[in-house]
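What follows is each chain in one-letter form.
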Amino acid sequence: MSDINSLFSSQSPAVEQVLSEIEATRRASLFPCFAWATVVSVASCLFTFLFTGIDTISVITVVAIICPVVFWCFISYYRDKLSAIYKADVLPNLVKAIGLDMGSEQGFQYETNCDVPVSNFRDCCLFPVHSDDFTEGEDLITGKIDKTDFKFCEASYQYDTEDSDGDKTQHTVFEGLYFDADFNKYFQGVTLLCTVPLGWVPKNFSKVELENADFCKQFTVYSTDQVEARYILSTALQERLVNMVKTLKNASGEKKFSISFFNSRMLLLVSSGTNHFEASLFKQLKIERVRQDFQLIYTMADVINELNLNTRIWTKQ
Amino acid sequence: MGIIILVVVLAVLALMGIGIYNSLVSKRNNVKNAFATIDVMLKKRFDLIPNLVETVKQFTQHETEIFDKVAASHGAAYSSLSNSQKAEIDANMQQAQRSFFAIAEQFPELKSSENYRQLQGALNETEEQLSAARRGYNAAVTEYNTSIQSFPKNIFAGAMGFAEESLLQIGEAEKANVNVGDLFKK
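Residue numbers (the working numbering), protein chains in the order written: chain Y, 1 to 317; chain S, 1001 to 1186.
Source of the hints: derived by calculation from the structure; they are not laboratory data.
With a cut-off of at most 30 angstroms between alpha-carbon atoms, the simulated DSS-like pairs for lysine-lysine come out as follows:
{"id": "1", "chain 1": "S", "residue 1": "Lys1111", "chain 2": "Y", "residue 2": "Lys147"}
{"id": "2", "chain 1": "S", "residue 1": "Lys1043", "chain 2": "Y", "residue 2": "Lys207"}
{"id": "3", "chain 1": "Y", "residue 1": "Lys246", "chain 2": "Y", "residue 2": "Lys207"}
{"id": "4", "chain 1": "Y", "residue 1": "Lys286", "chain 2": "Y", "residue 2": "Lys246"}
{"id": "5", "chain 1": "S", "residue 1": "Lys1032", "chain 2": "Y", "residue 2": "Lys203"}
{"id": "6", "chain 1": "Y", "residue 1": "Lys144", "chain 2": "S", "residue 2": "Lys1111"}
{"id": "7", "chain 1": "Y", "residue 1": "Lys96", "chain 2": "Y", "residue 2": "Lys144"}
{"id": "8", "chain 1": "S", "residue 1": "Lys1057", "chain 2": "Y", "residue 2": "Lys316"}
{"id": "9", "chain 1": "Y", "residue 1": "Lys316", "chain 2": "S", "residue 2": "Lys1086"}
{"id": "10", "chain 1": "S", "residue 1": "Lys1057", "chain 2": "S", "residue 2": "Lys1111"}
Examples of chain S residues lying across from chain Y (beta carbon under 10 angstroms, computed):
{"id": "11", "residue": "Ala1034"}
{"id": "12", "residue": "Gln1118"}
{"id": "13", "residue": "Ala1140"}
{"id": "14", "residue": "Thr1142"}
Since this is a predicted model, take the numbers as computed values, not measurements. Note that beta-carbon positions come from the ideal geometry of N, C-alpha and C, so glycine has one too.
Turn these sequences into a full structure, and let the hints steer you where they fit.
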């Protein structure tokens, strides 16, 4: 495996070429974006005045509602076009290079769209389950390092509620980074690790006190089985998890990490309000920003090495 | 008035006593349960003996004294064994496991066989589960001991006959055993 900086440097000439193309498109998009948004806003306002009449209140209301919505739609449209170039011409190559460097035969694969199984959020026991729940996901990276397959993406877990008038409200339970990997041991129950305590203890779970003081400072552990929790969280893994969280904090800038061990797999969730891997219409996409995305992908995939998940000395091969 | 206060104080003390007694019983049962889990894991390892002995004897007839010993111990049903016999089998098994890995180093055909890989996985897995069970037992004992030593439970614990439990110590041989597993990282 190469050093992360030298690996990125080997990719940067090709990346910079695409970045200059994105910048040219961004500059060329600014005028049409605002021109079209203004034309459509004015036309929409005039059209609305035909029905409401022109008085001070309706003018203020119409302008305050219609103009921001129209501008937001146009800005999103042009920003998505820039992001699409970034996602088509930059990310797949970076992801593949990281995969090849980490010993994956075909490199890792990148897809813009992603289906996150809602069952994973239900079964992981980190959240209360709601009836009208659903997931959304994007920027999917999949791959396999030696014997360990993984799936990494941006995901959200939400649910809808309906009031007596039939009006729906959407609630977000989780939003952030989603990392699902095969674990190197078989186990039956569920064990949870949280850097921020859950505030409630799920049914059939109890708190687990482990030996490593640094680990206990970092994580609150809940499990359906005290012995199994200790089987999963060997003293070596506890140390590795402490180091992993330090590294991930540096790479992502986030502080809230939750891990669920279930179905003999490991699900790592990093709560984040940032929409990663996107271009901006108002800010040039610079190589430093791409380096941050690269470092984040690298660090997430490197969790497999950091936690030694390819050590298969137990019955699970 | 004085009698009412006395009755209230006695009632509070009685309720406190019941609460503490129940909490200590629950913790003592956790210790017993954790100890029983160790026994379950030892039994799981005990069940691996025939496979272990068979695999070794396919490749060598030398250095098999320890395997003969564990094979002989497997003749009896695990449930009929006394604690001291179980402890003896445990010590022999640890020695046999170390010998098994050492023999595998001398016989490449053994090391590359599917049977060896499966057995190695099963032995490592059982060893780690056993270690987890021991750690679980120590955690339960620590919680129980802390409970009976802290005020005011210590007053009730002494009177109710709750005695301190001892922690399991990990022997030097066992520590070495864990390192042997690391040698077989893939």
